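Engineer: Here is what each chain is made of, one letter per residue.
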Amino acid sequence: MALNRKIAYIDLSTGKVETKPIPLEVRKKFLGGRGLDAYLLFNHTEKGIDPLGPKNTLMVSAGILTATCASATARTHIMAKSPLTDLLGSANMGGFFAPELAWAGFHHLVIKGKAEKPIYLWIHNGEIELRDASQLWGKTTTETQWAIREELGDEDIKSAVIGPAGENLVRIANVMTGIKNAAGRSGMGAVMGSKNLKAIAVRGTMDIKIAYPLEALEYNKRFIDQIVSAKVNQTQGTLGTPFIWGATNSWGGIRTRNFQYNQCEYADDIEPERIDEICTETMGPYHMTGCFGCQVHCRAQYRIPSGPYAGKYDEGPEYTSQGAFGGEPDCKNAVTVLTGNHLVDQWGMDNLETGSLISWAMELSEEGILTSKDIDGLDLRFGNDEALLEMIRRIAFREGWLGDTLAEGGIRAAEKIGKDSFEYLIQVKGMSNLHSDERATPALALGIATGSRGSDHLRSRPAIDLYHLPEEVLRKIYSNPVPYDGPLSSEHTSYVGKPWQVLWQELCYMGVDCLGICKYHTTFLGATLPNFEDWAKVIYYNTGLEITPTDIWTVAERCYNIERLFNLREGLTRDDPKKGDTLNHRYFDEPCRRGAPDVIGSKIDRKKFKKMIDEYYEHHGWDENGVPREETLKRLGLDKEPSHLL
Amino acid sequence: MAIDTEKLSGAESLRKTRTYGKVRCHNPSCMGRLQPRSGDDHVKCPTCGMEYRLVWVRPDFPRIRGPVWDVNRRLAQEVLAKKAAKKEGK
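The listed protein sequences derive, respectively, from chains A and B. FYI, this note's numbering numbers position 462 of the first sequence as 462, with every residue one higher than the one before it. Take any residue in the second sequence, note its place counting from 1, add 646, and you have its number in this note's numbering.
There could be a bad hint or two in this list.
[What the hints assert, rightly or not] Which chain B residues stay away from chain A? Per the calculated CB distances, all over 10 angstroms, these:
id, residue
1, ALA657
2, GLN681
3, PRO682
4, ARG683
5, SER684
6, ASP686
7, LYS690
8, PRO713
9, GLU724
10, ALA731
[What the hints assert, rightly or not] Stretch by stretch, here's where chain A covers chain B in the computed footprint (C-beta under 8 angstroms, at least three residues):
id, segment
11, 660-672
12, 694-700
13, 714-722
To be clear, the hints were calculated from the coordinates, so they are not data collected in a lab. The structure displayed is predicted, hence computed values, not measured ones. Where is the CB? At the ideal position from N, CA and C, for every residue including glycine.
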């Protein structure tokens with residue numbers, strides 16, 4: 001059956017490769033993808049190791065449904081201890097890599113040690129080779145992928161690669177596949193760089209056996225209908241994810257000038273429709289494309305229309321790049337957004353983190369905390385497009401004092417800069433926030449504060465909270481697959497019932513991450529998209545694994561708790577401003593200065609926020625410090641971890 | 647494993663709640679459903695007065711492109727001033 005894919009253990013120090021089947025018992029407990037990676041991370045790393053040292057273990061995986069008949073199972077998950085946060089590192093990317101890995105015989109890779117010189121892994125039809133990558137070192141992400149294809153003589157090879165930023169151990173470096181698919185968050189590219197691992201190239205033609213192929217295909221038609229009929233996906237298929245930025249900016253949920261404003265006013269040139277116009281002008285009317293097995297096609301293709309990089313091809317920009325290179329630094333120029341997006345894609349850096357850190361430095365410069373000497377003569381004021389693009393380069397190549405400092409990530413940079421710089425850093429657990437401003441939306445604020453990899457919109461964000469859905473609709477969603485009869489509120493400015501919504505979304509996103517499905521195919525931006533109930537059928541028809549929606553919920557809970565155990569082991573405490581479930585004080589102290597009525601003037605109420613955290617912990621079965629209670633661990637079968645089943 | 651393929655999941659059953667041809671006012675205290683005429687490039691919320699620029703994903707599918715900046719800024723400032731005055735009055 002589809003579960004016959006293997007796990008490979010690769011020791012880069014010794015060159016030893018060992019492969020094993022993944023026992024059904026482990027599958028049932030953790031499914032695959034992020035969930036199983038979390039188990040492996042907890043079991044294969046020691047407390048307190050250096051994330052950039054050889055003892056860090058890097059997991060690369062496909063979901064349990066990857067390469068089956070199920071839709072949109074393109075996601076690759078990457079996990080290790082994060083060099084950015086010193087806590088859980090976890091990142092996820094679309095494209096075509098994960099299915100190719102599955103066809104090549106593997107669902108999970110566990111990579112340890114450090115190669116003596118640059119190497120890349122070549123994985124094909126059950127075989128794994130370590131190959132010299134000295135000729136690839138220094139190349140951009142796209143150049144690397146094409147050089148590997150040329151060397152191995154196969155244009156269908158898919159690779160997960162790092163760019164110069166990963167080689168330079170920039171702590172916000174990502175792992176890339178294709179033109180723009182990025183496992184962006186938490187510095188996984190730096191972990192690969194620290195291991196002298198330039199790329200993982202895969203190609204496979206092995207069969208994936210489907211348990212009930214006819215039923216799987218038939219059911220998938222229904223699944224596809226559910227996905228393509230959603231209004232949100234029809235919009236994404238037209239405008240891509242930038243539509244989210246546009247809608248959020250409209251009411252005042254976009255942070256601008258680091259965190260000074262919550263709306264990028266008169267930003268018509270970076271609105272999604274303008275970006276779409278440029279894509280149409282440079283690539284023609286049919287410029288949307290997609291990942292493996294996806295019907296949404298949310299990825300735009302474009303060429304940069306003008307400027308020093310005119311004519312360069314790229315994809316996106318995602319809404320994260322609009323925020324990072326548009327709203328946050330207050331650069332209201334589409335060409336700048338498209339160019340910034342291109343540079344981070346090519347050099348292999350997290351767009352979101354890059355833009356956030358530069359915007360932070362701009363505010364520090366404005367406040368006089370960074371002097372002209374610190375910024376190496378650059379005119380680092382808000383709205384300076386050239387300075388923004390130059391800083392991207394300096395971070396990627398660690399050039400100048402500030403480039404090298406920001407390459408260390410926010411917390412380390414704040415320690416180096418000193419003064420009050422940390423007070424201006426918009427982060428949670430050491431990871432920069434998305435470009436969104438959550439001061440008017442308590443549920444979203446709770447989600448970023450408690451995210452297991454740091455501030456993040458893809459771990460628990462109840463985005464549908466913004467739609468003012470009737471309570472009976474909310475109840476239908478949030479009372480399944482486990483009953484919930486507590487309060488729920490349609491008001492997204494309310495604090496009522498939000499901890500449960502955050503927990504539900506947390507487990508929903510863990511679920512898709514275990515299956516390998518894209519989050520745009522679940523209850524993230526659309527209330528009518530598939531979740532636990534729908535997945536049980538897909539899993540059964542494709543893999544033969546009998547699992548109920550409630551079982552999937554429990555698996556997600558188990559996986560989330562093991563991530564929590566990892567973070568606690570590495571020093572997370574509830575109120576630690578650098579490693580805790582906290583927000584920057586500006587969320588509580590500085591009211592929104594822009595946006596719609598009832599957004600302007602709003603801020604997070606400290607007491608109510610604390611109460612939400614208490615309630616959230618309680619729902620999880622954690623104590624008041626956020627530590628899982630013994631009975632919780634017992635219920636989830638985690639009381640004997642690490643158990644070393646794999 | 648017995649699977650009832652006829653039964654709709656919770657998410658599937660919510661499809662009937664979808665509204666076409668309408669957009670929601672972006673003012674959190676309003677969130678009214680606005681139904682512009684096909685092809686309109688602007689819509690004004692009759693409840694709170696906010697105004698939006700529109701685009702059409704399809705002829706039957708409008709979307710808010712963004713606010714009419716001058717109008718919505720003014721409305722927000724007025725609300726803020728009222729709140730401040732009320733606070734001072736206390």
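Engineer: Does each hint hold? Answer for all of them.
Structural biologist: Evaluated hints:
Consistency note on ALA657(B): stated as away from chain A, yet its beta-carbon is not over 10 angstroms from all of that chain's, at 5 angstroms minimum. Look at GLN681(B): its CB is around 15 angstroms from the nearest CB on chain A, clear of 10 angstroms, so calling it non-interface holds up. At roughly 15 angstroms from the closest C-beta of chain A, the C-beta of PRO682(B) stays outside 10 angstroms, upholding its exclusion from the interface. Annotated as non-interface, ARG683(B) keeps its C-beta farther than 10 angstroms from every C-beta of chain A; the closest such distance is 19 angstroms.
Listed as a non-interface residue, SER684(B) keeps its Cβ farther than 10 angstroms from every Cβ of chain A; the least gap is roughly 16 angstroms. Here ASP686(B) stays apart from chain A, with its beta-carbon at least about 15 angstroms from theirs, past the 10 angstroms limit. Distance to chain A confirms LYS690(B) as a non-interface residue, since its nearest Cβ pair spans about 14 angstroms, more than 10 angstroms. For PRO713(B), the condition that its CB be more than 10 angstroms from all CB atoms of chain A is violated, with the nearest at approximately 5 angstroms.
Annotated as non-interface, GLU724(B) brings its C-beta within 10 angstroms of a C-beta of chain A; the closest such distance is 8 angstroms. With a minimum CB-CB distance of about 12 angstroms to chain A, ALA731(B) clears the 10 angstroms threshold, and the non-interface call stands. Coverage of the segment 660-672 of chain B by chain A holds [criterion: at least 3 residues with CB-CB distance below 8 angstroms; count 7]. Counting residues of the segment 694-700 of chain B whose beta carbon lies closer than 8 angstroms to any beta carbon of chain A gives 3, which reaches the threshold of three, so the coverage claim holds.
Counting residues of the segment 714-722 of chain B whose CB lies closer than 8 angstroms to any CB of chain A gives 5, which reaches the minimum of 3, so the coverage claim holds.
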